[in-house]
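In order, the protein sequence lines correspond to chains R and X. Read left to right, the first sequence gives residues 1 to 354 (the numbering used here). Read left to right, the second sequence gives residues 1 to 380 (the numbering used here).
Think of the hints as simulated: they come from the structure by calculation, not from any bench. Using N, Cα and C, we set each Cβ at its ideal position, and we do this for glycine too. There's no promise every hint is true.
[Stated by the list, open to error] Here are some of the chain R residues that sit facing chain X, going by a computed Cβ distance under 7 Å:
1. W20
2. V44
3. F289
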Amino acid sequence: MKEFSAFVKKEFSHIVRDRWTMIILLVLPIVMMVLFGYAITTEVRNIGMYVFDPNPNPNARDAAMVTELSSSEYFVMKGYLSSPDDIDRVFREGRGQLVVVFGADGAQLVADGSDPNTAVTLVSYAQSVLARFGSGPLPTRIVPEVKLLYNPQMKGAYSTVPGVMGMILMLICAMMTSISIAREKEKGTMEVLLVSPVRPLTIILAKTVPYLALSCVNLATILAFSAFVIGIPIRGSLALLLFVSLVFIAVSLAIGLLISSVAETQLAALLASGMGLMMPVILLSGMIFPIENMPAVLRVLSNVIPARWYIAAVRKIMIMGLGPAAVARELAVLVSMAVALGALSLGKFKIRLE
Amino acid sequence: MLLYLLEKEFKQFFRNSFLPRFALMFPIVAIVVFPLAANFEIKNIGISIVDNDRSEPSRRLAEKALSSGYFTLTGDARSYGEAMALVEGGKADIVLEIPAGFGRDLERGGTARVMISANTVNGMRGGLGSSYLAGIIADFNAETLRESGKLAGVRATGTGVIAPSGYEAVAFSPLFRYNPLMKYTVYMVPAIMCMILTMLAGFLPALNIVGEKEKGTIEQMNVTPVRRGAFILSKLIPYWVLGFVALTITFVVAWLAYSLVSLGGYALVYLFASVFVLAMSGFGLVLSNYAKTLQQAMFMMFFFIITFVLISGLYTPINGMPSWARALSALSPLRYMIESLRAIFLKGSGFWELRWRFLALLAFAAFFNGWAVLSYRKRE
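In isolation and in its complexed conformation, chain R is listed as follows (with noise of 0.2 Å):
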């Protein structure tokens, strides 16, 4: 027990040291929550918007019409056109995606399709900006009345804070661990703790315990921002979230020393854990682009990334307020995925250097 909380303390000086590193580690998450929080948004808004007329002489009504647009949130006014021509160079310049060609019974609106879904989206905005210059409204008949359930102003954070919570938690505990192993590998400091009386199983837990650490750190971190600051509430339970939570970092200290095992030198370390994980875990876990949207191959592939997982339970905990029934599924699955990541990477790690 000596030897393992020597070798703990070694490896948390190692951390401490690197000051430059630490600094990112702690501000990175909270970089994360203000940018998906505020920043990365799909709304569709201050569309640079252009017209033309070709009629020498404008009606008032389409006068009327310019001005309900530009006086919406979503477009502003840039100018007039004066030839047709000028339609293709503002889109080829990037200067507006909106184009508003008045004729005599009507108005084409003339839009920047190369980005498809801002396209669809500001044109069907548009239609209903200028709906009360087409026709009046029918009589209703059937009145839905619509419940937004769980997220009423439908913020965007609700959906990706469950997912920066997968990818901090991934990166120090798998990035992190798979480098300093390789590192000592690397420096042949490994040969040094290999030959000595210290059980590999004490070197490669001890290696684990900081970032343990560090990732709980920063979970309060993340907990603490989403709820205090940009105003999540826990809606489940607090307990089960971290048990989750714990499961889950278990999960990647086992892919962190399974990639170390693989990987002789630092970059391999690097590369593999950085375009092997993180990349799919931003693309495949849910966490930005819904996974019921992907290809066949790519949802079933999105199977074998225990941040889907994470990231499910989170938001049904979290956000949705469910208790255990509800991810038994995601905990049965995260806790065989660290059972066998655990047993097969304390298998693989070899007790001799070639």
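Chain R is already provided as a structure; the job is to place chain X on it using the hints.
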């Protein structure tokens, strides 16, 4: 002298068992997988319909919702509680509840109610689902009105907006340019090319230099008569070559996988790429001057990727961001490159139309490389 150093770098590169394979596989996998995964098109919204009325109109409404193509029916729910269980289990995204008496109210000409409950944990999915459903209900409303003869001669426009006969309707017809099939993947591919260039030509040489620092071999270089410029060039050139090879691979893969060809020609893409690569490798050099260990360098890069890639409009439109985030995105070289490549590939923009973005990239290249030279120290 430079030639010998280059020979050494290339030898080191190819001797590494991991790097050459990575450099070849990364662009291919990235171009094939990223755009497919990074898809915001909303499809397969799971719907659960609770029909408490079981009348002819309520069945018709349910059928209309299901045949719209936006929704897939998930499970069978006899009560709102059962439907909510489907939502909580993640199977249904939206619940349409038709109360008892719906058909009777409609026939009597009164006002009928329906309830929509949308799971908005993923704001876009739930929000779009409920607005699609509201549109379908408005259409159904128009249909029943027409059938009951209350509005003779009206014509449905398919959007719930109806122009009464005799009224000169103003039409707002949309016209979408440049992406005829409205494919989001095609929009993503040029941006992914920028990411690949950033990784291969910007970050890898920086990691390489920091690696030499950490191993101590850079000190051996420092005591040789090799000039600092030759040393740095010997580090950068292999990765520039690598970047351009990878870029060419991505052109082929984009053509094979998405039939995407550059409307503005490839010469312009290469021109922009060369300035961009210069800027990003300059940025990498700056990082390598400050980072002492690979771990530090990697975290700085990760920090950069997170802040600057996400804010350059790669995944989400810049226009929708709050003003501070838009100001920040103006400081990201990636933003100008992503915008330019998208414009060249999809809209066929020419050099003159992108001149300001080109100048911005040139300015970034000058700035980062100048900074790198100034912050370089041969001694600790």
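A quick look at each hint next to the structure:
1. W20: holds (5 Å)
2. V44: Since the shortest Cβ distance to chain X is 6 Å, the answer is holds.
3. F289: holds (5 Å)
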